[in-house]
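Protein chains in written order, with my numbering: chain L, 1 to 510; chain V, 1 to 510.
It cannot be assumed that every hint is accurate.
Copies of one chain are not kept apart here, so a pair can be met inside one copy or by any two copies together.
[To be verified] For lysine-lysine, the following DSS-like pairs were computed, each having C-alpha atoms within a straight-line distance of at most 30 Å: (1) Lys486 - Lys99; (2) Lys65 - Lys222; (3) Lys25 - Lys9; (4) Lys65 - Lys36; (5) Lys41 - Lys65; (6) Lys93 - Lys430; (7) Lys25 - Lys429; (8) Lys65 - Lys9; (9) Lys99 - Lys430; (10) Lys22 - Lys218; (11) Lys412 - Lys36; (12) Lys6 - Lys25.
Simulated from the structure, these hints should not be mistaken for lab results.
There are 2 protein chains.
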Amino acid sequence: MKFKIKEIKIDAGELTVILNNKDAKDMGVRSLDRVKLITAKKTITAVVELSSSVVKEGHVGVLLKVFEELKTCDTDTVEIMPTERPHSVELIKHKIEGKTLSAEEIREIVVDIAAHNLTDIELTAYVVACQLNGMNLDETTYLTKAMVETGDTIELDRSPVFDFHSIGGAPGNKITLLVVPIVAAAGLLIPKTSSRAISSACGTADIFETIARVSLTKEEIKNITETIGGVIAWGGNVNFAPADDIIIRVEYPLSLDPYSQLIASVMAKKKAVGADFFLLDIPIGPGTKVTETELANKYASDFIEIGRRLDMHVECAITYGGQPIGKHIGPLLEAKEALMCLEGKAPSTSVVEKSVAMAGILLEMGGMHNGKQIARDILDSGKALEKFREILQAQDGNPDLKSEDISPGQYKAEILSSIDGYVISLDNKKLVRIARTAGSPRDKGAGLVFLKKRGEKVDRGESMYEIYADNQHKLDAAVNLTNLIKPYTIEGMIISHVPGRGRATNYSKH
Amino acid sequence: MKFKIKEIKIDAGELTVILNNKDAKDMGVRSLDRVKLITAKKTITAVVELSSSVVKEGHVGVLLKVFEELKTCDTDTVEIMPTERPHSVELIKHKIEGKTLSAEEIREIVVDIAAHNLTDIELTAYVVACQLNGMNLDETTYLTKAMVETGDTIELDRSPVFDFHSIGGAPGNKITLLVVPIVAAAGLLIPKTSSRAISSACGTADIFETIARVSLTKEEIKNITETIGGVIAWGGNVNFAPADDIIIRVEYPLSLDPYSQLIASVMAKKKAVGADFFLLDIPIGPGTKVTETELANKYASDFIEIGRRLDMHVECAITYGGQPIGKHIGPLLEAKEALMCLEGKAPSTSVVEKSVAMAGILLEMGGMHNGKQIARDILDSGKALEKFREILQAQDGNPDLKSEDISPGQYKAEILSSIDGYVISLDNKKLVRIARTAGSPRDKGAGLVFLKKRGEKVDRGESMYEIYADNQHKLDAAVNLTNLIKPYTIEGMIISHVPGRGRATNYSKH
Numbered sequence: 001m002k003f004k005i006k007e008i009k010i011d012a013g014e015l016t017v018i019l020n021n022k023d024a025k026d027m028g029v030r031s032l033d034r035v036k037l038i039t040a041k042k043t044i045t046a047v048v049e050l051s052s053s054v055v056k057e058g059h060v061g062v063l064l065k066v067f068e069e070l071k072t073c074d075t076d077t078v079e080i081m082p083t084e085r086p087h088s089v090e091l092i093k094h095k096i097e098g099k100t101l102s103a104e105e106i107r108e109i110v111v112d113i114a115a116h117n118l119t120d121i122e123l124t125a126y127v128v129a130c131q132l133n134g135m136n137l138d139e140t141t142y143l144t145k146a147m148v149e150t151g152d153t154i155e156l157d158r159s160p161v162f163d164f165h166s167i168g169g170a171p172g173n174k175i176t177l178l179v180v181p182i183v184a185a186a187g188l189l190i191p192k193t194s195s196r197a198i199s200s201a202c203g204t205a206d207i208f209e210t211i212a213r214v215s216l217t218k219e220e221i222k223n224i225t226e227t228i229g230g231v232i233a234w235g236g237n238v239n240f241a242p243a244d245d246i247i248i249r250v251e252y253p254l255s256l257d258p259y260s261q262l263i264a265s266v267m268a269k270k271k272a273v274g275a276d277f278f279l280l281d282i283p284i285g286p287g288t289k290v291t292e293t294e295l296a297n298k299y300a301s302d303f304i305e306i307g308r309r310l311d312m313h314v315e316c317a318i319t320y321g322g323q324p325i326g327k328h329i330g331p332l333l334e335a336k337e338a339l340m341c342l343e344g345k346a347p348s349t350s351v352v353e354k355s356v357a358m359a360g361i362l363l364e365m366g367g368m369h370n371g372k373q374i375a376r377d378i379l380d381s382g383k384a385l386e387k388f389r390e391i392l393q394a395q396d397g398n399p400d401l402k403s404e405d406i407s408p409g410q411y412k413a414e415i416l417s418s419i420d421g422y423v424i425s426l427d428n429k430k431l432v433r434i435a436r437t438a439g440s441p442r443d444k445g446a447g448l449v450f451l452k453k454r455g456e457k458v459d460r461g462e463s464m465y466e467i468y469a470d471n472q473h474k475l476d477a478a479v480n481l482t483n484l485i486k487p488y489t490i491e492g493m494i495i496s497h498v499p500g501r502g503r504a505t506n507y508s509k510h
Numbered sequence: 001m002k003f004k005i006k007e008i009k010i011d012a013g014e015l016t017v018i019l020n021n022k023d024a025k026d027m028g029v030r031s032l033d034r035v036k037l038i039t040a041k042k043t044i045t046a047v048v049e050l051s052s053s054v055v056k057e058g059h060v061g062v063l064l065k066v067f068e069e070l071k072t073c074d075t076d077t078v079e080i081m082p083t084e085r086p087h088s089v090e091l092i093k094h095k096i097e098g099k100t101l102s103a104e105e106i107r108e109i110v111v112d113i114a115a116h117n118l119t120d121i122e123l124t125a126y127v128v129a130c131q132l133n134g135m136n137l138d139e140t141t142y143l144t145k146a147m148v149e150t151g152d153t154i155e156l157d158r159s160p161v162f163d164f165h166s167i168g169g170a171p172g173n174k175i176t177l178l179v180v181p182i183v184a185a186a187g188l189l190i191p192k193t194s195s196r197a198i199s200s201a202c203g204t205a206d207i208f209e210t211i212a213r214v215s216l217t218k219e220e221i222k223n224i225t226e227t228i229g230g231v232i233a234w235g236g237n238v239n240f241a242p243a244d245d246i247i248i249r250v251e252y253p254l255s256l257d258p259y260s261q262l263i264a265s266v267m268a269k270k271k272a273v274g275a276d277f278f279l280l281d282i283p284i285g286p287g288t289k290v291t292e293t294e295l296a297n298k299y300a301s302d303f304i305e306i307g308r309r310l311d312m313h314v315e316c317a318i319t320y321g322g323q324p325i326g327k328h329i330g331p332l333l334e335a336k337e338a339l340m341c342l343e344g345k346a347p348s349t350s351v352v353e354k355s356v357a358m359a360g361i362l363l364e365m366g367g368m369h370n371g372k373q374i375a376r377d378i379l380d381s382g383k384a385l386e387k388f389r390e391i392l393q394a395q396d397g398n399p400d401l402k403s404e405d406i407s408p409g410q411y412k413a414e415i416l417s418s419i420d421g422y423v424i425s426l427d428n429k430k431l432v433r434i435a436r437t438a439g440s441p442r443d444k445g446a447g448l449v450f451l452k453k454r455g456e457k458v459d460r461g462e463s464m465y466e467i468y469a470d471n472q473h474k475l476d477a478a479v480n481l482t483n484l485i486k487p488y489t490i491e492g493m494i495i496s497h498v499p500g501r502g503r504a505t506n507y508s509k510h
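When you get a sec, could you build the whole thing from the sequences and use the hints?
Written out as structure tokens, the structure reads:
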């Protein structure tokens with residue numbers, strides 16, 4: 001049947017068209033079935049949704065991704081035929097059944113994901129099956145390769161190329177904003193792409209976009225790296241391992257990230273920029289993605305092995321992530337703290353120490369001796385700040401930006417301690433929930449500032465932390481949540497008080 | 001923020017609204033996030049999709065299910081606020097993590113499913129997690145109860161109430177059209193609700209709707225059963241265990257049906273009509289849902305145990321389903337064959353024998369002796385046909401309908417044998433794929449007629465089976481598929497021919 005094309009500006013995840021109920025019935029097509037759209041120039045497979053009002057009979061409603069494909073065809077009509085679902089859905093079922101997939105089978109799934117050929121239902125089945133049944137190292141290697149091959153890649157004009165990545169879970173981990181300028185200032189190439197937050201409070205791309213343009217093209221990433229040595233780009237704007245960004249659409253609402261998918265996703269993005277040397281930061285501790293040393297070691301050895309199979313030299317650093325890194329979380333707040341560290345005005349030592357240590361390992365992977373000292377010298381000398389300003393300028397930021405120019409959200413609440421004591425712990429997951437409730441990462445000014453961290457003394461009535469938000473309603477919601485879930489544990493100074501009659505230990509949760 | 005309501009006639013699975021990109025950004029809301037819609041009369045939670053053209057700024061596009069909720073509120077504007085995803089999503093994650101869920105937790109998930117509060121992604125995660133991690137008998141019982149409680153129920157004016165159900169996988173299993181009139185003619189109450197095909201070629205509702213109205217209200221189901229003794233209704237039209245119908249939306253595209261979900265779904269629909277005695281048919285054999293006797297026995301004992309916990313007497317019949325039941329598959333073709341059996345013109349004995357055996361067990365559960373003989377007498381005497389005509393009439397069908405009045409699709413292909421031999425097997429799954437490709441169950445005339453079944457002799461050039469379709473394109477596709485996957489295996493009469501030099505066994509697949 002021939003249909004008249006009607007553009008509908010909704011960006012559904014998969015390739016979707018809307019048919020009038022009556023036309024669909026005539027064709028024997030149901031909601032979520034596949035159809036082929038045939039023009040003289042190309043054939044596109046799309047998923048069907050039904051409507052009785054959005055499109056008239058004889059018309060087909062074409063959503064954004066399909067419209068982009070069709071508009072190159074110089075036609076306002078299209079032939080539509082029912083077709084079967086992709087074979088990759090059968091392969092996803094094999095993974096549900098616990099089977100091991102071959103290189104070709106994994107490639108078939110990834111090709112369909114990258115081409116937006118799978119529905120949310122099918123993608124979710126894939127993710128949950130990988131979460132539960134896993135993939136072995138062979139499968140993970142195939143997955144990585146397929147993810148690289150189905151996307152763009154860049155090749156810098158010289159080598160070697162360096163890169164690094166932190167596995168998530170440690171809030172406030174803004175070290176990329178220090179590591180990249182330090183490494184670049186040392187003369188190495190580091191084309192760093194970062195992600196936005198999935199389930200965390202804030203990703204590096206969320207942070208850096210508050211002060212620079214992170215939506216760079218692959219040519220810009222190549223050119224800026226070749227010129228300046230480093231770049232801090234949002235990975236989602238380029239087509240590196242695009243399957244990953246599509247999978248994230250279903251991982252995000254479930255806060256799921258299967259083991260094999262995590263490895264393949266990181267490795268594919270590094271391979272796509274041509275990394276020869278890659279340092280992986282694995283923060284461990286309560287509330288991080290990797291809570292146990294044993295699992296961290298497994299990740300480390302699997303990353304290293306898959307690196308070997310991909311001709312990439314991988315090293316891993318297992319770091320402490322049991323409480324937030326530094327004192328700020330949230331997009332603007334983290335940009336501010338990173339800049340303070342580069343300016344030599346660090347509000348605490350943890351961001352600086354971690355950044356210098358990581359940059360140091362990278363420098364040593366690049367053949368330098370005493371990398372950590374070199375990294376520290378680069379930071380202390382102001383060369384890292386200078387390189388950061390070059391990167392800012394190359395990415396359309398203000399190169400004269402100072403940390404005091406950056407202000408968080410205008411709605412603020414202070415959370416006070418109700419007792420005297422020492423801070424025993426800050427609960428990462430609870431803090432992330434509070435920051436997200438306050439609006440982070442979408443509301444750029446939202447976030448938390450920790451006035452007290454683990455081990456510090458706090459007096460009754462003293463501020464433990466501040467919550468910032470861009471609007472009152474979200475601030476209220478975050479304050480309500482903090483009262484409910486109490487992310488701080490304070491141990492009273494009086495550990496045990498033995499009066500005339502026995503009494504419980506004076507121990508209170510905040 | 002206040003929004004003007006715009007109705008959009010798309011029937012998405014979950015409660016969905018469409019916001020203009022700019023409004024969503026202002027509110028910090030992303031695609032697939034939740035919002036609350038607040039009117040003076042009620043508050044509804046919905047999932048957000050974004051568009052730049054379907055709705056203008058300040059307007060909210062309201063899809064069918066939400067519009068039905070809102071239209072009772074006598075307002076054309078609504079207040080919208082971001083809100084968190086339902087807690088049941090966390091509980092689904094617990095199931096992904098392999099945890100056992102409590103009665104209250106399962107109820108929370110089912111309540112959200114029934115209220116259309118979960119997205120396709122979340123529903124799929126639930127189904128795949130249940131498929132892989134399973135539910136124990138306690139959880140399955142809680143699930144069944146929650147599914148009953150979140151839907152409508154009926155109570156007949158007298159008891160006991162009888163019911164039966166076949167687990168899927170045996171194509172052509174049209175016995176409901178015989179069992180219900182036989183049991184009702186014997187004076188028992190049998191308010192039978194049936195489903196449409198999910199992954200099979202054709203469900204009982206697909207069959208019976210070709211000759212009667214199956215979309216009955218619960219009052220009609222009650223009244224017809226009380227008056228006539230039996231009814232054959234589509235379960236999807238009534239609100240019995242509605243969570244099940246919502247889950248099917250994601251099970252169908254994946255052809256998944258988790259063990260616990262299958263039990264709960266069947267038991268909940270039986271409990272909802274107040275069944276006191278329930279007979280379950282478990283067809284086994286290659287290509288059925290339950291292929292092994294061991295699994296059939298496990299299903300049987302679990303169904304019986306859950307029946308015990310729900311005060312329902314359950315018996316199970318494990319039957320042979322390794323090839324299609326009877327000679328026809330497809331909606332009109334199965335209606336025709338069932339009517340032929342009732343008229344005493346059965347094209348083969350298998351439909352009659354199975355129906356009489358199943359009805360016989362139900363009669364014995366009802367206290368009759370020699371149930372099978374009574375069932376056969378009712379069929380042979382024409383009383384079952386008479387009762388069937390009463391049911392037809394009560395459901396707005398033509399009570400004078402004769403089997404010869406029912407014609408399948410006008411496009412037909414005969415599939416011939418290329419050798420002489422005996423039919424070794426008919427592959428259920430392949431036959432289902434062919435029937436579905438021909439258009440079944442949506443195209444009512446589509447289906448297959450088996451001229452030869454297992455064990456029968458077929459000559460070279462003789463018809464083995466016929467494919468029917470309602471249009472040429474689907475017939476061609478089905479014929480192409482049959483040539484590719486060859487659902488019949490014919491063993492050549494010459495089992496082994498030993499000529500002067502060794503030669504391979506003359507064995508050919510059709």
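Now for the hints, and whether the structure bears them out:
no., hint, result
1, Lys486 - Lys99, "between (44 Å within a copy, 25 Å between copies)"
2, Lys65 - Lys222, "within (27 Å within a copy, 49 Å between copies)"
3, Lys25 - Lys9, "both (25 Å within a copy, 16 Å between copies)"
4, Lys65 - Lys36, "both (15 Å within a copy, 28 Å between copies)"
5, Lys41 - Lys65, "within (17 Å within a copy, 38 Å between copies)"
6, Lys93 - Lys430, "between (36 Å within a copy, 17 Å between copies)"
7, Lys25 - Lys429, "between (49 Å within a copy, 25 Å between copies)"
8, Lys65 - Lys9, "both (9 Å within a copy, 21 Å between copies)"
9, Lys99 - Lys430, "between (37 Å within a copy, 21 Å between copies)"
10, Lys22 - Lys218, "between (45 Å within a copy, 27 Å between copies)"
11, Lys412 - Lys36, "between (53 Å within a copy, 25 Å between copies)"
12, Lys6 - Lys25, "both (19 Å within a copy, 26 Å between copies)"
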